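In order, the protein sequence lines correspond to chains A and B. Residues in the first sequence are numbered from 1 upward in steps of one, following the working numbering. Residues in the second sequence are numbered from 1 upward in steps of one, following the working numbering.
Some hints here could point you the wrong way.
For chains that are exact copies, the list does not tell them apart, and a pair is met inside one copy or across any two.
[As the list claims (entries may be wrong)] With a cut-off of at most 20 Å between alpha-carbon atoms, the simulated EDC-like pairs for lysine to aspartate or glutamate come out as follows: (1) Lys25 - Asp186; (2) Lys179 - Glu120; (3) Lys77 - Asp112; (4) Lys116 - Glu104; (5) Lys73 - Glu119; (6) Lys77 - Glu104; (7) Lys73 - Glu104; (8) Lys123 - Glu177; (9) Lys116 - Asp75.
Source of the hints: derived by calculation from the structure; they are not laboratory data. Since this is a predicted model, take the numbers as computed values, not measurements.
2 protein chains.
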Amino acid sequence: MLQEMEITSPNGITSFIGASTGQWKVLSIKTIVGSALPIVDYVSTVKGVVNLDLQSTSSWIIKSFTSNLRYTKRDEKQELNEKSRTLGNPEFNHAAMIPIKKSEAWWQLAQDERRKIFEEDSKHIQSSTRYLPFISRQLHHSRDLGEDFDFVTWFEFSSKHDEEFNSLCYTLRKTEEWKYVDREIDIRMVKV
Amino acid sequence: MLQEMEITSPNGITSFIGASTGQWKVLSIKTIVGSALPIVDYVSTVKGVVNLDLQSTSSWIIKSFTSNLRYTKRDEKQELNEKSRTLGNPEFNHAAMIPIKKSEAWWQLAQDERRKIFEEDSKHIQSSTRYLPFISRQLHHSRDLGEDFDFVTWFEFSSKHDEEFNSLCYTLRKTEEWKYVDREIDIRMVKV
Numbered sequence: 001m002l003q004e005m006e007i008t009s010p011n012g013i014t015s016f017i018g019a020s021t022g023q024w025k026v027l028s029i030k031t032i033v034g035s036a037l038p039i040v041d042y043v044s045t046v047k048g049v050v051n052l053d054l055q056s057t058s059s060w061i062i063k064s065f066t067s068n069l070r071y072t073k074r075d076e077k078q079e080l081n082e083k084s085r086t087l088g089n090p091e092f093n094h095a096a097m098i099p100i101k102k103s104e105a106w107w108q109l110a111q112d113e114r115r116k117i118f119e120e121d122s123k124h125i126q127s128s129t130r131y132l133p134f135i136s137r138q139l140h141h142s143r144d145l146g147e148d149f150d151f152v153t154w155f156e157f158s159s160k161h162d163e164e165f166n167s168l169c170y171t172l173r174k175t176e177e178w179k180y181v182d183r184e185i186d187i188r189m190v191k192v
Numbered sequence: 001m002l003q004e005m006e007i008t009s010p011n012g013i014t015s016f017i018g019a020s021t022g023q024w025k026v027l028s029i030k031t032i033v034g035s036a037l038p039i040v041d042y043v044s045t046v047k048g049v050v051n052l053d054l055q056s057t058s059s060w061i062i063k064s065f066t067s068n069l070r071y072t073k074r075d076e077k078q079e080l081n082e083k084s085r086t087l088g089n090p091e092f093n094h095a096a097m098i099p100i101k102k103s104e105a106w107w108q109l110a111q112d113e114r115r116k117i118f119e120e121d122s123k124h125i126q127s128s129t130r131y132l133p134f135i136s137r138q139l140h141h142s143r144d145l146g147e148d149f150d151f152v153t154w155f156e157f158s159s160k161h162d163e164e165f166n167s168l169c170y171t172l173r174k175t176e177e178w179k180y181v182d183r184e185i186d187i188r189m190v191k192v
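So that you can see chain A by itself, here it is in the shape it has in the complex (with noise of 0.2 Å):
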């Protein structure tokens, strides 16, 4: 009967999980904009379907998926994959996880008047570039599967570039493509 249900779980999901253990313990949960998220001491990463134990003792769980990109272009596409680290480098000791919700402004956008906000204006994809070589960070989409947040950013990065993850976040919260975002959580995490 498990093995039956698991069918109707999709292969590409990854779970966030908010509990009371986990892979990544808790240093910060800030509400940057919108409704708090429950606090919790731990934050893991699950692939696939969501363990029934954990969920049963867990806050929270974010379900998303990741994909291809929406808004780059080719030469913006060869430079992130030139300059991307994956995730898990044994050196970056901190994480960052950012759950965002924009507003239904955004979704009626087409996908010209997104894309001209997204880069053209706020210039997310060139600012970001520069932190790529000491900044892993994936992408998950959640909102086309239900879910209270659209998007979920995971970051991983030495405690020795805190700062610049700071600055980093700092200039996206500025810019034109921000002014869509109706809610957003920073999560800061050190890995156990």
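Go by the hints and put chain B onto chain A.
Same frame as chain A, now just chain B:
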């Protein structure tokens, strides 16, 4: 326990179910390219979690979600909104379900490259627009859920417009975009 497990199945999921009973009676299942899909007598669309009883008698289930449009500019979106008809029109007694898988080459392209092939080269939106008043349709995404198909498009129309629907399929299958289609099944149905 069932309640708990349902949490792992997102709100936004629609399942297409091929089975021995259902909402739409199959008239034909034609493999356009790639490997075939098992023959079934009926197809149903189910929102949310797939019922276990349905699942045990079904021959196949394809999970999907609807999403925002990925390639549509403001003026195109405007025209689509004005001309599109919703599904469920009582006069539309025929349906078509077309699951498609695109090649890895397609998914390695950047957003601007995919847009160029999709519309500037293949005129996907422009060619489809004149059919909108008498052919309802909904695009569903499956790739991000780890399914065998990337997309399922569901169409409804009156049997008196069968030839126009065939003409739409013919037009799209000749395009540059369709060179990136690795697998395509064309299922035609009549309302039960």
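Hints, one by one, checked against the model:
1. Lys25 - Asp186: Within one copy, since 14 Å is at most 20 Å while 50 Å is not.
2. Lys179 - Glu120: within (15 Å within a copy, 31 Å between copies)
3. Lys77 - Asp112: both (17 Å within a copy, 10 Å between copies)
4. Lys116 - Glu104: For Lys116 and Glu104, the Cα distance is within 20 Å only inside one copy (17 Å; across copies 27 Å).
5. Lys73 - Glu119: both (10 Å within a copy, 16 Å between copies)
6. Lys77 - Glu104: Close across copies (16 Å), not inside one copy (27 Å); limit 20 Å.
7. Lys73 - Glu104: between (25 Å within a copy, 17 Å between copies)
8. Lys123 - Glu177: For Lys123 and Glu177, only the intra-copy Cα distance (9 Å) is at most 20 Å; the inter-copy one is 30 Å.
9. Lys116 - Asp75: For Lys116 and Asp75, both the intra-copy (16 Å) and inter-copy (15 Å) Cα distances are at most 20 Å.
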